[in-house]
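Residue-level listing of the chains:
Protein chains: 4
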Amino acid sequence: MENILDNAVQNGKKITVLGKTASYIPELGRVNKEYLGVCVCTGNGIYHKSGDADVRFTIQSISKVISLAVALERCGFEKTFDRVGMEPSGDSFDSLVKLDLTSDYPSNPMINSGAIAIASHLVSEVSFEKMLWFTRKLCVDDDITLDEKVYRSEMDHISRNKAIAYLLESKGILANSVEESLDFYVRMCSLSVTAASLAGFGLVLASGGIHPVTGERLLHSRVVQTVKTIMLTCGMYDGSGRFAVEVGVPSKSGVGGGILSVVDKRMGIGIFGPSLDEKGNSLAGQYVLRELSSILKLHMFADYEGE
Amino acid sequence: MENILDNAVQNGKKITVLGKTASYIPELGRVNKEYLGVCVCTGNGIYHKSGDADVRFTIQSISKVISLAVALERCGFEKTFDRVGMEPSGDSFDSLVKLDLTSDYPSNPMINSGAIAIASHLVSEVSFEKMLWFTRKLCVDDDITLDEKVYRSEMDHISRNKAIAYLLESKGILANSVEESLDFYVRMCSLSVTAASLAGFGLVLASGGIHPVTGERLLHSRVVQTVKTIMLTCGMYDGSGRFAVEVGVPSKSGVGGGILSVVDKRMGIGIFGPSLDEKGNSLAGQYVLRELSSILKLHMFADYEGE
Amino acid sequence: MENILDNAVQNGKKITVLGKTASYIPELGRVNKEYLGVCVCTGNGIYHKSGDADVRFTIQSISKVISLAVALERCGFEKTFDRVGMEPSGDSFDSLVKLDLTSDYPSNPMINSGAIAIASHLVSEVSFEKMLWFTRKLCVDDDITLDEKVYRSEMDHISRNKAIAYLLESKGILANSVEESLDFYVRMCSLSVTAASLAGFGLVLASGGIHPVTGERLLHSRVVQTVKTIMLTCGMYDGSGRFAVEVGVPSKSGVGGGILSVVDKRMGIGIFGPSLDEKGNSLAGQYVLRELSSILKLHMFADYEGE
Amino acid sequence: MENILDNAVQNGKKITVLGKTASYIPELGRVNKEYLGVCVCTGNGIYHKSGDADVRFTIQSISKVISLAVALERCGFEKTFDRVGMEPSGDSFDSLVKLDLTSDYPSNPMINSGAIAIASHLVSEVSFEKMLWFTRKLCVDDDITLDEKVYRSEMDHISRNKAIAYLLESKGILANSVEESLDFYVRMCSLSVTAASLAGFGLVLASGGIHPVTGERLLHSRVVQTVKTIMLTCGMYDGSGRFAVEVGVPSKSGVGGGILSVVDKRMGIGIFGPSLDEKGNSLAGQYVLRELSSILKLHMFADYEGE
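Chains as they are written, first to last, in our numbering: chain B, 1 to 307; chain L, 1 to 307; chain S, 1 to 307; chain E, 1 to 307.
Since the hints were derived computationally from the structure, they do not count as laboratory data.
Careful: at least some of the hints might be erroneous.
Stretches of chain L that chain B covers, calculated by requiring three or more beta carbons in the stretch to come under 8 Å of a beta carbon on chain B [unchecked claim]:
no., segment
1, 79 to 87
2, 226 to 236
3, 294 to 301
Pairs of lysine to aspartate or glutamate residues, derived as EDC-like cross-links and limited to a Cα-Cα distance of at most 16 Å, are as follows [as the list claims (entries may be wrong)]:
no., chain 1, residue 1, chain 2, residue 2
4, B, Lys171, S, Asp94
5, L, Lys265, B, Asp303
6, B, Lys265, L, Asp303
Beta carbons: idealized from backbone N, C-alpha and C, even for Gly.
Given the sequences, and given the hints that come with them, work out the whole structure.
Rendered as structure tokens:
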């Protein structure tokens, strides 16, 4: 396994030059775009790492997976999906068009509008401290903290998300004020994780919600099933369809360069590669995942005997 | 198994009244909307049927799966996905908007624009007779023929598809004339199948492309893997996301009332239920699939031990 | 003249029942929808009134004409039209779609996004008190004040305009903060006028910017020419085209029920009729203007000798 | 007058290099883009010419004005505007989006979809020969003929218009077949005129529908009033708003390089300048019109005494 990871990372490093870090948040733009790390977590929590797998970065949109899971646990399916759909939007992650034009609620919880809607309801249900505590548990990583610098930087460049949030408010979708909802949303985006944290979280999801070491149930299995499905159809922004074909593993990316991947019943994978393609997904990270999927036959519809 | 199917069909029949047959093609509009049949095909080709599982109806959009598979076999991945994307469109199956506004090619091969683009390329590769012969093989059903009445009726009400085809032509995507492309496309849509034919086809796909009885390889395994993934993300029109969450089985619906479902490595399922919801998917058919998925734990991310 | 006005108002009153007051701002929703008043101002300031021509109501979007005029005076043509276009948008007055999807700035200064962009620049140029003083002059009406109740009500229901403003901010179009820009914008919308005030303002515009009584030049003639043209193409929201055909007089409506009309070189017309059609234009007000245009041959392309 | 025209043409010639001829129809693409001609027709039919005012070119979209006028004469206002709106679309001339997405009929008769809808109804009302005969009369030019080469070239590159026509057919808007409707439409577009023909036509419209020499009434005055208004709001594609502000004269452009302008009650102006801007309007032609409007005070809201 270590060999496979090292090879993938070594080749992946070569293409980091082709992408860009997320420039619309200054603090993210400053990150070294040559970073590339991968971590695979299997069995009862055995970690296989290569490259910059222990470098901290902000979780960004991957937190949408956690918020969705907690919303499903706390508010239930019906209440959650009353405010946000489950359909891929076909548009970019920060689009307003479909929301304004053809629908009464955000397309899905993996785009900004959907995640802000969910955040606004979580504000009434759970404190940020509890979310942080739970995120540490899900990621099997007690060192996760709020990255204050990134948090401030995002709050200072939040016009577009404010536009989305006020549009949601005008449609009666928010349960709390725009300020509280966005503060919750941005705090969740600003949690600092590592590729290893994401791999740990991936293993929890691969195991149907069970902590791999303690055996504790952290999430209901139906919640996990729903979350994995939505990651598969909507997790890689408007590149989700191609990624599902090529890699075939429920995944969620963030503009911090992270990717969380869940190989059902087998392993969790965490990626850190802040050089992004034009859709906002880690360029080299996707390369590594394509390699791993092909070599390790990770695709959900892989045919072990097929040619 | 027969009990489970009978129960699902019996309860499903009650909701057929809530939908409508496809009215924009007169011949489809005339079908009795109370029909409901299901067939499950397992193992080496054992058929479990309930309700109207042997009634013939036209395959309609489910033929898009066959055309995509043949295009991948004949033209290869790169050439095929040069002309059509792999992303869910977020719009209805006959939408022109995204094609006109933001992209240079159809979003995916499961919507009309994508399927017409693929048909235009198949015209140069394979005769309709060969497609019919191959469809019979894939469906393990030698009685599949062209339904001349439906074919004529569709050719008489083809304005919108012509609009789509000419828009494709104006963008340089068609490889053959609009007339030839649409004739091929409509012929494929007008093949008459049964729920049992679809179940047989489903089992071939579940088996990675192997004929369940003869053991013959009909499709390459990577083609099958790709087709199943695209069915999952795009197969149920703009209801694909919710269907993936609730049923979690790669499926493709047609406005004739059919649904083809593939439970990977386990079974094929065919449905006939011509009463449609507003997205164009069989209303009672989806109910039956939700029931089967729940009882038989068919969801791709089902957790067998989870609560 | 008085006879013509009385007839038009009498018949117009009958259709006030078919429309609705603007419900999205509670204070506007409470207005009696049976009001209908018209005032025509000619020559050196002779007022002809009928119906509720002296009832006060808020100017709403008609203030966009004043703000545009002042922006052109203060910032000049180039700077003003660097931030906002001059094209009819084809969409409703509070649409975000075109702004988000296809352009870098608002379509024109008569829709909310354009007017907010202009307000944000006026904040740096002129105090609200000056705007009020100048509005009184333009309308030849010293009794115009801020309607505090409507102002508060609008500020309490401003989510959608905030969404628009933050979207503008995210595109770098605002010159001042969202809060300051919207406060300026809403104050201007909340000025209380009468049909007679609007008729006076109309006469100033009809006279090329000259005060009809004092002879003082209030606006440059090229500013007035520009303002009248934009009123003609964009002044009646997405009903501007039909209104130009049927009435043919540069006009601007507001959801308070007002319409300002300018019969070039001849007269100003003010309308108050708070019962609105679905595009947000005064229902009976448009009827009255169609009548007047037909009887008095007010259409800009009227053919005096034609049949 | 001749001096003014010569100056404008001389300066206009310098910018013809900045535009492009219409490349999507090969025959139009082959035209020398340095051509520039202007003709002003005043009083009882006195022609003032400068530059290439007698060079023949195809009328293209300017024929939409003639078709609209004839439709209004033959079918009446109500029937005509039942199938096509009067609102500027805010989109480009060959857009499908608004038609597909938000409305049941084309936005206005000056974009392709609207003109094809009108053509489909004229097919039942009047032969092409009659239209040609009437066009000659309206343009005071007996030498207008069908340019067979351009007609063939356009019929060979008609995919996009076919897409529009079939979309209209699918919405039930066409009164005759797509083939007949488009043949009529393209024939009208392929009439060969000169700047002088357009100036003659412009004078007829300026005179309210009266032939300037014979005094014969060719069009009802209300038809002319309607046509001029729609030219003003929609005649210069999605540049109509800016053109109305800057030039202020009802005009209609064609991708052949022509512009028809109507200075109400004063003159007709014809332009030929096949070098187009990105909206499809003659680049140098618009320059010439801006010059003439400024020097001769042609703007509909010009203030003769204003500064």
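Okay, the hints, checked on the actual structure:
Taking a C-beta to C-beta cut-off of 8 Å, the segment 79 to 87 of chain L contributes 3 residues in contact with chain B, enough for the three needed, and the coverage statement holds. Using a Cβ-Cβ cut-off of 8 Å, 7 residues of the segment 226 to 236 of chain L lie near chain B, which meets the minimum of three, so the contact claim holds. Counting residues of the segment 294 to 301 of chain L whose beta carbon lies closer than 8 Å to any beta carbon of chain B gives 3, which reaches the threshold of three, so the coverage claim holds. At most 16 Å may separate the alpha-carbon atoms for a hinted pair to count; Lys171(B) and Asp94(S) meet this at roughly 13 Å.
This hinted pair checks out: Lys265(L) and Asp303(B) have alpha carbons roughly 9 Å apart, not beyond 16 Å. For a cut-off of 16 Å, the pair hint linking Lys265(B) to Asp303(L) stands: about 9 Å separates their Cα positions.
Of the numbered hints stated above, none is contradicted by the structure.
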